[in-house]
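The chain contents come next:
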Amino acid sequence: MSKPPIGYALAAMNSVASSEWIDKLGLRNAIEKLTYQGTKTGFQALGAATRQFKNVNKQLNPTRLDKPKGQSDLFDLSITDEQQMMKDTVQRFAQDVVRPAAATADSAGFTAPDLLAQATELGLAYFAVPESLGGAAVEHSPITNMIVAEELATGDLGIAVAILSSIGVANAITQWGSGEQQSKYLPAFLDEKPLPAAIAISEPTPLFNANELNTTAKAAGDTYILHGKKSCVALIESAELFLVAATTEGKGNQLFLVESSNEGVTIEKSPAKGLKPANVGTLVLNNVKVPKQALLGDANINYQTLLNYSRLAWCALACGTAQAVLDYTIEYANDRVAFGEPISHRQSVAFMIANIGIELEGMRVMTQRAVALAERGEDFQRAAYLAHIFCADKAMEIGTNGVQLLGGHGFTKEHPVERWYRDLRAIAVMEGGLHL
Amino acid sequence: MYLELPNKLKGLQMMSANLAKEMFRPISRKYDLAEHEYPKELDMIANMLDGMNDGEQGGVAGATQSSKAKKPDNGEVKNGSNMASLIGIQELCWGDTGLLLSMPRQGLGNAAIAAVANEEQLERFKGKWAAMAITEPDAGSDSASIRTTAKKDGDYYVLNGEKIFITSGARADLIVVWASVDPSLGRAAIKSFAVEVGTPGLELARLEHKLGIKASDTAAYILDNCRVHKSNLLGDPEVKVEKGFAGVMETFDNTRPLVAGMAVGVAKASLEKTKELLKDCLKDNYTTPVNNLSAVEAGIYKMEAEWEAARLLTLKAAWMADNAQPNSKEASMAKAKAGRMCNDITLKCVELCSGLGYSETELIEKWARDSKILDIFEGTQQIQQLIVARRLLGKSSAELR
Numbered sequence: 001m002s003k004p005p006i007g008y009a010l011a012a013m014n015s016v017a018s019s020e021w022i023d024k025l026g027l028r029n030a031i032e033k034l035t036y037q038g039t040k041t042g043f044q045a046l047g048a049a050t051r052q053f054k055n056v057n058k059q060l061n062p063t064r065l066d067k068p069k070g071q072s073d074l075f076d077l078s079i080t081d082e083q084q085m086m087k088d089t090v091q092r093f094a095q096d097v098v099r100p101a102a103a104t105a106d107s108a109g110f111t112a113p114d115l116l117a118q119a120t121e122l123g124l125a126y127f128a129v130p131e132s133l134g135g136a137a138v139e140h141s142p143i144t145n146m147i148v149a150e151e152l153a154t155g156d157l158g159i160a161v162a163i164l165s166s167i168g169v170a171n172a173i174t175q176w177g178s179g180e181q182q183s184k185y186l187p188a189f190l191d192e193k194p195l196p197a198a199i200a201i202s203e204p205t206p207l208f209n210a211n212e213l214n215t216t217a218k219a220a221g222d223t224y225i226l227h228g229k230k231s232c233v234a235l236i237e238s239a240e241l242f243l244v245a246a247t248t249e250g251k252g253n254q255l256f257l258v259e260s261s262n263e264g265v266t267i268e269k270s271p272a273k274g275l276k277p278a279n280v281g282t283l284v285l286n287n288v289k290v291p292k293q294a295l296l297g298d299a300n301i302n303y304q305t306l307l308n309y310s311r312l313a314w315c316a317l318a319c320g321t322a323q324a325v326l327d328y329t330i331e332y333a334n335d336r337v338a339f340g341e342p343i344s345h346r347q348s349v350a351f352m353i354a355n356i357g358i359e360l361e362g363m364r365v366m367t368q369r370a371v372a373l374a375e376r377g378e379d380f381q382r383a384a385y386l387a388h389i390f391c392a393d394k395a396m397e398i399g400t401n402g403v404q405l406l407g408g409h410g411f412t413k414e415h416p417v418e419r420w421y422r423d424l425r426a427i428a429v430m431e432g433g434l435h436l
Numbered sequence: 001m002y003l004e005l006p007n008k009l010k011g012l013q014m015m016s017a018n019l020a021k022e023m024f025r026p027i028s029r030k031y032d033l034a035e036h037e038y039p040k041e042l043d044m045i046a047n048m049l050d051g052m053n054d055g056e057q058g059g060v061a062g063a064t065q066s067s068k069a070k071k072p073d074n075g076e077v078k079n080g081s082n083m084a085s086l087i088g089i090q091e092l093c094w095g096d097t098g099l100l101l102s103m104p105r106q107g108l109g110n111a112a113i114a115a116v117a118n119e120e121q122l123e124r125f126k127g128k129w130a131a132m133a134i135t136e137p138d139a140g141s142d143s144a145s146i147r148t149t150a151k152k153d154g155d156y157y158v159l160n161g162e163k164i165f166i167t168s169g170a171r172a173d174l175i176v177v178w179a180s181v182d183p184s185l186g187r188a189a190i191k192s193f194a195v196e197v198g199t200p201g202l203e204l205a206r207l208e209h210k211l212g213i214k215a216s217d218t219a220a221y222i223l224d225n226c227r228v229h230k231s232n233l234l235g236d237p238e239v240k241v242e243k244g245f246a247g248v249m250e251t252f253d254n255t256r257p258l259v260a261g262m263a264v265g266v267a268k269a270s271l272e273k274t275k276e277l278l279k280d281c282l283k284d285n286y287t288t289p290v291n292n293l294s295a296v297e298a299g300i301y302k303m304e305a306e307w308e309a310a311r312l313l314t315l316k317a318a319w320m321a322d323n324a325q326p327n328s329k330e331a332s333m334a335k336a337k338a339g340r341m342c343n344d345i346t347l348k349c350v351e352l353c354s355g356l357g358y359s360e361t362e363l364i365e366k367w368a369r370d371s372k373i374l375d376i377f378e379g380t381q382q383i384q385q386l387i388v389a390r391r392l393l394g395k396s397s398a399e400l401r
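The listed protein sequences derive, respectively, from chains A and B.
Quick note on numbering: the first sequence equals residues 1 to 436 in the working numbering.
Quick note on numbering: the second sequence equals residues 1 to 401 in the working numbering.
Calculated directly from the structure, the hints in this document are not laboratory data.
Glycine residues also receive a C-beta, built at the ideal position from the N, C-alpha and C atoms.
Among the chain A residues that face chain B by a calculated CB cut under 7 Å, a handful are:
| # | residue |
| --- | --- |
| 1 | Ile79 |
| 2 | Ser344 |
| 3 | Gly357 |
| 4 | Gly362 |
With the C-beta cut set under 7 Å, the calculated list includes, among others, these residues of chain A facing chain B:
| # | residue |
| --- | --- |
| 5 | His345 |
| 6 | Ala350 |
| 7 | Ile353 |
| 8 | Ile389 |
| 9 | Phe390 |
Please take these sequences and the hints and turn them into a complete structure.
So, in structure tokens, the structure goes:
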């Protein structure tokens, strides 16, 4: 019998309490880092070596998750007991493990493998993979996923992306993948060494529009030939599987499962302003030939919906990091003394903090509304679009005010606000990458 | 978690929207131009609303129905009278804010009576229209420093002072006056008195000429040795220094979301009309990234996002009140956000509609005038920020002034 979701949450809570993670973190040393860095190659390199996915030849029916049941139509901001448990667990993980590791991961440009391994213990991947394929998921709850994303991002936005990138791919395959794709890939997300994966949609072009892609997919016999460049792809050096958006003649934008070992797949290291722990870079597809079966999903797949789920995931992350800014600036403004009293006694300072609080609450309810619609299978196009505009705008406003409130100190790496400033710029920029 | 309006409130919403469309909108400009003239059409609507308010689903137009909910015993979520009042008000302000504020028997004074009066007073003042007199020439947001006094004299209190900005002050049956029974004791000594219009010593000084909400009368009164029977003191006559001002301010936790709802309604009217006038410029369907759109279209989307945020924050504050959760911070957040959102949006809509927006041909310019007060009364933008800041920072009013 599979463990109920709550079981994983409890197990995770237990392991946080034992503080083993922190001890492990203490063990991580420069030599480990050097070893890891040594495996990276020069300017352009092959992607990560792929594990052997077992090919499934027989026709399988895909497994789809249910919508959560038994909900009333009342306006209701409360969350379930299970969601609260999940929230508490991830919150502790974010505070005790993620935050202390954030500065190092930021300067290293990747999240240490041992931290990712600890995140695996949270069992998040189990919520993305259906029971029949070894996971624990029965229902698809974007609300629970939103809560997890927000809490992780209170620890660090970049590390949250590093953790959630693969789970996003798993969610997309669970939601839209064929039976064959599900059997081939989903169990790998639960491996002892889970499959690192990333959704690749953004392209290196100004005014990028996810509906007008430059990356192409041409049908050729039993294959598609993919060609183009994808920018700001998470886990660029470690991902073994990419979910790539490309435009197909006559069929619009579609998504393809591309393994890093496919011929013609190369990666370019191109670190960004922020999100450094997510190890973002460029994915180059040079006439990459993939089988017809690499096309994600059936006729029900909706590219626009996938974009919306991704945008809402970024909104949830923005809320988490904005909360970190709020908490940090409150503490700082109450401690920092100028002209004989805490600077928080000055309205010009206090009102900036009040506005961070007000706009953050706005970001939250906008995100919650859209995600709740999605959870029930109702139309959430408009709600997601407006939530994303709002969060992108306010997240950056909060990010810049976070630095401003600390003055010159905020400009240095002594405090995390400069990192949040760099990270929060991503909310307006990133398309794809995640999936609730 | 679900943030949509429940079916059980949709009927009320539709009814309020119809009322706003069929009864408020047609006379909106008329009373904007005829300032101080009584909108007689309201009497009929008020009678209708009284009937509706006596029904089980809470109020449509007034603050009278909003109240602190009792904690539900069974832990069930409630969408109750606070949310119902909010929805009603929001829709009616889509019609006309000035007219809503002029609705007989739906004043803030009625809300105060509903909140603090005893059984006998509730019975005696039933069916009366009560206005609220807090502000003085030298005490606005700082309502703790009001100077009007109420001196005990046998079974009577003798009131002296000057009150301004009394909404519907010349139309109401009674005025709820805030006065200090002992100025040396500070905030705790401030009590509210129901003073019937016609009481000797209560003199109407003037009616204000205003920027907007002209359909609503704003009166100033002089209290000159005005004798009020002690049975008209609302709430507890004892001065409890330790309790301070909190009791008096509690009313605001319920009324601030309602004023935020007014702002949501007015902004909706303005944005809706502007989209109608600009429909040839709006082609996208919430899909293209905002930076790839025309400036007009991007601007409209951004306004819509701001509007939704304010609307949802307001619903949240009302939802918390309905479910007996302390909501002071959220009520102020909603009021701050909705107030500035409404002011920004209505002004931008005038700009986008050019001469058409600026002229009296359309109501767009009027909504931009009406909107200003919504970021001022029931606590200005700055006061709301102060309240939110104190709560977030854990500061007292002595520390963060």
